[in-house]
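Visitor: Sequences are here, hints too, so could you generate the full structure?
In order, the protein sequence lines correspond to chains A and B.
To convert, take the position in the first sequence, counting from 1, and add 15; that gives my numbering.
To convert, take the position in the second sequence, counting from 1, and add 15; that gives my numbering.
What the hints contain is simulated information worked out from the structure, not anything from laboratory work.
Hints may contain errors.
Claimed, not checked - Beyond 12 Å from chain A on every Cβ pair, some chain B residues (computed):
{"id": "1", "residue": "K66"}
{"id": "2", "residue": "I88"}
{"id": "3", "residue": "K99"}
{"id": "4", "residue": "L278"}
Unchecked claim - Calculated lysine-lysine pairs in the BS3-like style (CA-CA distance at most 25 Å, straight line):
{"id": "5", "chain 1": "A", "residue 1": "K106", "chain 2": "B", "residue 2": "K106"}
{"id": "6", "chain 1": "A", "residue 1": "K183", "chain 2": "B", "residue 2": "K99"}
{"id": "7", "chain 1": "B", "residue 1": "K168", "chain 2": "A", "residue 2": "K106"}
{"id": "8", "chain 1": "A", "residue 1": "K183", "chain 2": "B", "residue 2": "K106"}
{"id": "9", "chain 1": "B", "residue 1": "K183", "chain 2": "A", "residue 2": "K99"}
{"id": "10", "chain 1": "A", "residue 1": "K183", "chain 2": "B", "residue 2": "K243"}
{"id": "11", "chain 1": "B", "residue 1": "K106", "chain 2": "B", "residue 2": "K34"}
{"id": "12", "chain 1": "A", "residue 1": "K99", "chain 2": "B", "residue 2": "K99"}
{"id": "13", "chain 1": "B", "residue 1": "K106", "chain 2": "A", "residue 2": "K99"}
{"id": "14", "chain 1": "A", "residue 1": "K106", "chain 2": "B", "residue 2": "K227"}
{"id": "15", "chain 1": "B", "residue 1": "K266", "chain 2": "A", "residue 2": "K183"}
Since this is a predicted model, take the numbers as computed values, not measurements.
Glycine residues also receive a C-beta, built at the ideal position from the N, C-alpha and C atoms.
There are 2 protein chains.
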Amino acid sequence: NSAGKEFYGPYDAQHAVEKYREELGIEVVPFQMMTYLPDSDEYKPVDEVEKGTRTLDISGTELRSRLRSGREIPEWFSYPEVVKVLRDTHKPRSAQGFTVFLTGYQNSGKDAIARALQVTLNQQGGRSVSLLLGETVRAELSSELGFSKEDRKRNIGRIGFVAAELTKAGAAVIAAPIAPYEDARQHAREQVGKYGDFYLIHVATSLEYAEKTDRRGVYARARSGEIKGFTGVDDPYEAPTNADLVVDAEKTNVRSIVHQIVLLLESRGLLDRV
Amino acid sequence: NSAGKEFYGPYDAQHAVEKYREELGIEVVPFQMMTYLPDSDEYKPVDEVEKGTRTLDISGTELRSRLRSGREIPEWFSYPEVVKVLRDTHKPRSAQGFTVFLTGYQNSGKDAIARALQVTLNQQGGRSVSLLLGETVRAELSSELGFSKEDRKRNIGRIGFVAAELTKAGAAVIAAPIAPYEDARQHAREQVGKYGDFYLIHVATSLEYAEKTDRRGVYARARSGEIKGFTGVDDPYEAPTNADLVVDAEKTNVRSIVHQIVLLLESRGLLDRV
Numbered sequence: 016n017s018a019g020k021e022f023y024g025p026y027d028a029q030h031a032v033e034k035y036r037e038e039l040g041i042e043v044v045p046f047q048m049m050t051y052l053p054d055s056d057e058y059k060p061v062d063e064v065e066k067g068t069r070t071l072d073i074s075g076t077e078l079r080s081r082l083r084s085g086r087e088i089p090e091w092f093s094y095p096e097v098v099k100v101l102r103d104t105h106k107p108r109s110a111q112g113f114t115v116f117l118t119g120y121q122n123s124g125k126d127a128i129a130r131a132l133q134v135t136l137n138q139q140g141g142r143s144v145s146l147l148l149g150e151t152v153r154a155e156l157s158s159e160l161g162f163s164k165e166d167r168k169r170n171i172g173r174i175g176f177v178a179a180e181l182t183k184a185g186a187a188v189i190a191a192p193i194a195p196y197e198d199a200r201q202h203a204r205e206q207v208g209k210y211g212d213f214y215l216i217h218v219a220t221s222l223e224y225a226e227k228t229d230r231r232g233v234y235a236r237a238r239s240g241e242i243k244g245f246t247g248v249d250d251p252y253e254a255p256t257n258a259d260l261v262v263d264a265e266k267t268n269v270r271s272i273v274h275q276i277v278l279l280l281e282s283r284g285l286l287d288r289v
Numbered sequence: 016n017s018a019g020k021e022f023y024g025p026y027d028a029q030h031a032v033e034k035y036r037e038e039l040g041i042e043v044v045p046f047q048m049m050t051y052l053p054d055s056d057e058y059k060p061v062d063e064v065e066k067g068t069r070t071l072d073i074s075g076t077e078l079r080s081r082l083r084s085g086r087e088i089p090e091w092f093s094y095p096e097v098v099k100v101l102r103d104t105h106k107p108r109s110a111q112g113f114t115v116f117l118t119g120y121q122n123s124g125k126d127a128i129a130r131a132l133q134v135t136l137n138q139q140g141g142r143s144v145s146l147l148l149g150e151t152v153r154a155e156l157s158s159e160l161g162f163s164k165e166d167r168k169r170n171i172g173r174i175g176f177v178a179a180e181l182t183k184a185g186a187a188v189i190a191a192p193i194a195p196y197e198d199a200r201q202h203a204r205e206q207v208g209k210y211g212d213f214y215l216i217h218v219a220t221s222l223e224y225a226e227k228t229d230r231r232g233v234y235a236r237a238r239s240g241e242i243k244g245f246t247g248v249d250d251p252y253e254a255p256t257n258a259d260l261v262v263d264a265e266k267t268n269v270r271s272i273v274h275q276i277v278l279l280l281e282s283r284g285l286l287d288r289v
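Guide: In structure tokens:
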């Protein structure tokens, strides 16, 4: 545990196997807990160390914590090759990939938030940042999909697949589709969750505001019936019940929203504090 | 250059601007080339250094080479913050992403090669490895696409998009679609090439051998006309003219082919020699 004490005694596993030896048919090769004596630079079984001799050790919990934060692992603890493999498989949080998934109405401000977040994360350095805007993804991955419930889910499934692979590769992924269906968002969370953190940000700008400030006139075309199956006009939007953050671009400016997201990521240990 | 000499004199740019000062309307703030004197631990303009004093310097070429290989950049050369930004933007080759793109007939052995290469690269450690098998991609990204020329190109375009983003993120990407069209493969090379190396491997196993060893019976179904538009049967395959490596799974076993690919990647400095 964090005080450096082991939850299990060092020989509990050996004793347990020893106890059921006949039943298991497994012979135990006894292996004694070794400890490091810094003054003589040697390793000895703990029970052979004379009382009062200075010893050094790192508990499993402490080791995992050092790997997570990228802190130094002393030379006496293990071979450099072993430490390298441990570091490869236990990347510090600040080197792990994650996905920020923005959901909300068309023109809710999610694209502007996504772009500004991309700039901020790029300035942080370290991770590669991948931006998956709704329209980019539609063009690159889903050109022949329409806007039926089925096709919308497939589109989000593709974003989930790509975000998961990128998260595995250690990237910071910012996705900003409309994603109106709860189960499709949940599926994306599960896809990404296999490899890293997933944060659902509900850009809960009201439909009225999104429509009022729509300079491209897409809402007008949807109201007139020229565009069919438009989210918020003649297609449903299921508001998330499990968002990690809810923001509103009418009440808060983009810069402050990005700051809130950065604070969230920082609080989870994903960003190096600069 | 590699001998540590500069291609341009240190003040050439300043002199050029000075010469066209009136025309450009730019005033030059003279900035003299500084050098480091290790014995007194100080920096001086080069022309103020007394003859015979020991000085240290790193040329631009040498600096880029050190960044590329990840070698040490001495403390006296720059501030640690500056070196960190340089390292972030000039990743060593062994930390840069790349894509290995296998093309060939169905059942040519490219899936087996791709999987074995994935295992080998995973054992190397360091990079995340992403496998984009033809069938996985069809299911995850292109479920509603068919096998017309147009749809095949779209499918390869999606692989190119995903491979490019993953390469940017520093991953090792292994793609193994059939990819029968030269221009689609060329487009994928350009997409990935923006962010990292792209290696086209032609798995040139003969159609006869691929068909003869097809245990799933897909060639038989294509011959009988049950499957239409099957590459090699009633759909064309344009053999690559610019492959980085040509292999044949009939003549060479999978293990040796993977070894050839690894040697190619090593020769380009992409893998740490273990």
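Visitor: Each hint needs a verdict: does it hold in this structure or not?
Guide: Taking the hints in turn, this is what the structure says about them:
Even its closest Cβ contact with chain A, about 42 Å, leaves B/K66 beyond 12 Å, as expected for a residue assigned away from the interface. Under the 12 Å C-beta cut-off, the non-interface status given to B/I88 relative to chain A holds; the minimum distance is some 16 Å. Non-interface status of B/K99 relative to chain A is broken: a Cβ of that chain comes within 12 Å, the nearest being about 7 Å off. For B/L278, the non-interface assignment is confirmed: its Cβ lies about 23 Å from the closest Cβ of chain A, beyond the 12 Å cut-off.
For a cut-off of 25 Å, the pair hint linking A/K106 to B/K106 stands: about 18 Å separates their Cα positions. Restraint check for A/K183 and B/K99: satisfied, since their Cα atoms lie roughly 24 Å apart, inside the 25 Å limit. Among the hinted pairs, B/K168 with A/K106 is inconsistent with the structure: their alpha-carbon atoms are about 37 Å apart, more than 25 Å. Distance hint between A/K183 and B/K106 is fulfilled; the C-alpha atoms sit about 19 Å from each other, no more than 25 Å.
The suggested pairing of B/K183 with A/K99 holds, with an alpha-carbon distance near 24 Å, which does not exceed 25 Å. For the hint pairing A/K183 with B/K243, the CA-to-CA distance comes to about 37 Å; that exceeds 25 Å, so the pair is violated. Annotation: proposed proximity of B/K106 to B/K34 is violated, straight-line Cα distance about 37 Å (limit 25 Å). Taking the CA atoms of A/K99 and B/K99, the gap is near 21 Å; set against the 25 Å cutoff, the hint holds.
With a C-alpha separation of about 19 Å, the suggested pairing of B/K106 with A/K99 holds against the 25 Å cut-off. Of the pairs offered as hints, the one joining A/K106 and B/K227 is violated, with about 46 Å between alpha carbons and a cut-off of 25 Å exceeded. Straight-line distance between C-alpha atoms of B/K266 and A/K183 comes to about 36 Å, which puts the hinted pair past the 25 Å bound.
The earlier numbered hints that this structure contradicts are 3, 7, 10, 11, 14, 15.
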